Amino acid sequence: MEILNVQTKEREQYVEITDEIKRLIKNKKIENGVIFLYVPHTTCGITVNESYDPAVAEDIMHSLHLIAPPKGPYKHTEGNADAHVKTTITGSTLFLFVENGELALGRWQVVFLAEYDGPRTRKVYVKFFKEV
Amino acid sequence: MEILNVQTKEREQYVEITDEIKRLIKNKKIENGVIFLYVPHTTCGITVNESYDPAVAEDIMHSLHLIAPPKGPYKHTEGNADAHVKTTITGSTLFLFVENGELALGRWQVVFLAEYDGPRTRKVYVKFFKEV
Amino acid sequence: MEILNVQTKEREQYVEITDEIKRLIKNKKIENGVIFLYVPHTTCGITVNESYDPAVAEDIMHSLHLIAPPKGPYKHTEGNADAHVKTTITGSTLFLFVENGELALGRWQVVFLAEYDGPRTRKVYVKFFKEV
Numbered sequence: 339m340e341i342l343n344v345q346t347k348e349r350e351q352y353v354e355i356t357d358e359i360k361r362l363i364k365n366k367k368i369e370n371g372v373i374f375l376y377v378p379h380t381t382c383g384i385t386v387n388e389s390y391d392p393a394v395a396e397d398i399m400h401s402l403h404l405i406a407p408p409k410g411p412y413k414h415t416e417g418n419a420d421a422h423v424k425t426t427i428t429g430s431t432l433f434l435f436v437e438n439g440e441l442a443l444g445r446w447q448v449v450f451l452a453e454y455d456g457p458r459t460r461k462v463y464v465k466f467f468k469e470v
Numbered sequence: 339m340e341i342l343n344v345q346t347k348e349r350e351q352y353v354e355i356t357d358e359i360k361r362l363i364k365n366k367k368i369e370n371g372v373i374f375l376y377v378p379h380t381t382c383g384i385t386v387n388e389s390y391d392p393a394v395a396e397d398i399m400h401s402l403h404l405i406a407p408p409k410g411p412y413k414h415t416e417g418n419a420d421a422h423v424k425t426t427i428t429g430s431t432l433f434l435f436v437e438n439g440e441l442a443l444g445r446w447q448v449v450f451l452a453e454y455d456g457p458r459t460r461k462v463y464v465k466f467f468k469e470v
Numbered sequence: 339m340e341i342l343n344v345q346t347k348e349r350e351q352y353v354e355i356t357d358e359i360k361r362l363i364k365n366k367k368i369e370n371g372v373i374f375l376y377v378p379h380t381t382c383g384i385t386v387n388e389s390y391d392p393a394v395a396e397d398i399m400h401s402l403h404l405i406a407p408p409k410g411p412y413k414h415t416e417g418n419a420d421a422h423v424k425t426t427i428t429g430s431t432l433f434l435f436v437e438n439g440e441l442a443l444g445r446w447q448v449v450f451l452a453e454y455d456g457p458r459t460r461k462v463y464v465k466f467f468k469e470v
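Protein chains in written order, with this note's numbering: chain A, 339 to 470; chain G, 339 to 470; chain C, 339 to 470.
I should point out that these hints are in silico values taken from the structure, not numbers from a laboratory. Be aware that a few hints might be false.
Coverage of chain C stretches by chain A, computed from C-beta distances (three or more under 8 Å per stretch; other residues unrestricted) [as the list claims (entries may be wrong)]:
hint, stretch
1, 383 to 397
2, 419 to 430
3, 437 to 448
Predicted model only: the values in this text are computed from it and were never measured. By construction, the Cβ of each residue, glycine as well, lies at the ideal position given by its N, Cα and C atoms.
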């Protein structure tokens, strides 16, 4: 598998990783298939949404505070219980399609690593299945 | 890949697309494998749940209002920030199993396109991997 | 496909199923590939998170009560509407990577069946795709 390294800079931050994924597709010469993305962390997820207006990601992060405010009350006392909650809600896996050598995203879609307990260096594991 | 077109009729509506998926399986003569469903939109997701009682989908939509009410306050000012939030919570991808030519859903499961900013014509991208 | 049977003991309980998945990988002699996990229920999901501190799972379950409290008000009157909501939020599918015969989980990650309407005997469907 391939591994993407992503440096996050804030405690909560949606970091766009679309270009890194496109580069992998080119390097691997994938023409048609599915890309599987797996985040090996428990306080950071992965999602697809809009980045054209950066306010969208801010609204998502802010809305999740209504379920999981940074300050508890929580039983997990490491100060990042909210990040664990948001990770399960966001999800740790994502797949994308490749068609004719291009990532088949919708017009407004980008891929975000959803950091909830940064700043940290995060990894995204990547596997490809080519269609035959 | 195949593309399903789905016409939604309300701003928020869970539209069942199970039959369309079953038709694709038949047409493609898939006997055993995995179907990957990808929604190329940022204000509409995909999920599996119950449709026998239509109140279930209504309860899900209503509950998500507690995190993302239609009227903000949001920073994204297009009037659909709530739909972006719900899309990330619901998810944009789903996979299903095919066993012996049949969709391997649980007894109460159907597949819903989760419209959060309709009415619109939506697309669902579909790829199949056959088991060998 | 393979089927895992999981006995849950509480109404809401995150049950670790990582060892059962590892056993399947060994039995099937998967060296490299992707494991697809599918939950055929509408009141029970699947997620990856931390189990080292059991409080993490409790915090996730408790936080989801803020969106979907066990007692409504709900339109679905079977007493488990909250479980349907949490299932869509958590998700019904998950994939994992196998590298060199080992499950490629992050250091703190385990796989949880997320029971929201137990106790019951639950199933998890499993399919493998080997990399060639």
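Hint by hint, work out which the structure violates, then give me just those numbers in ascending order.
none
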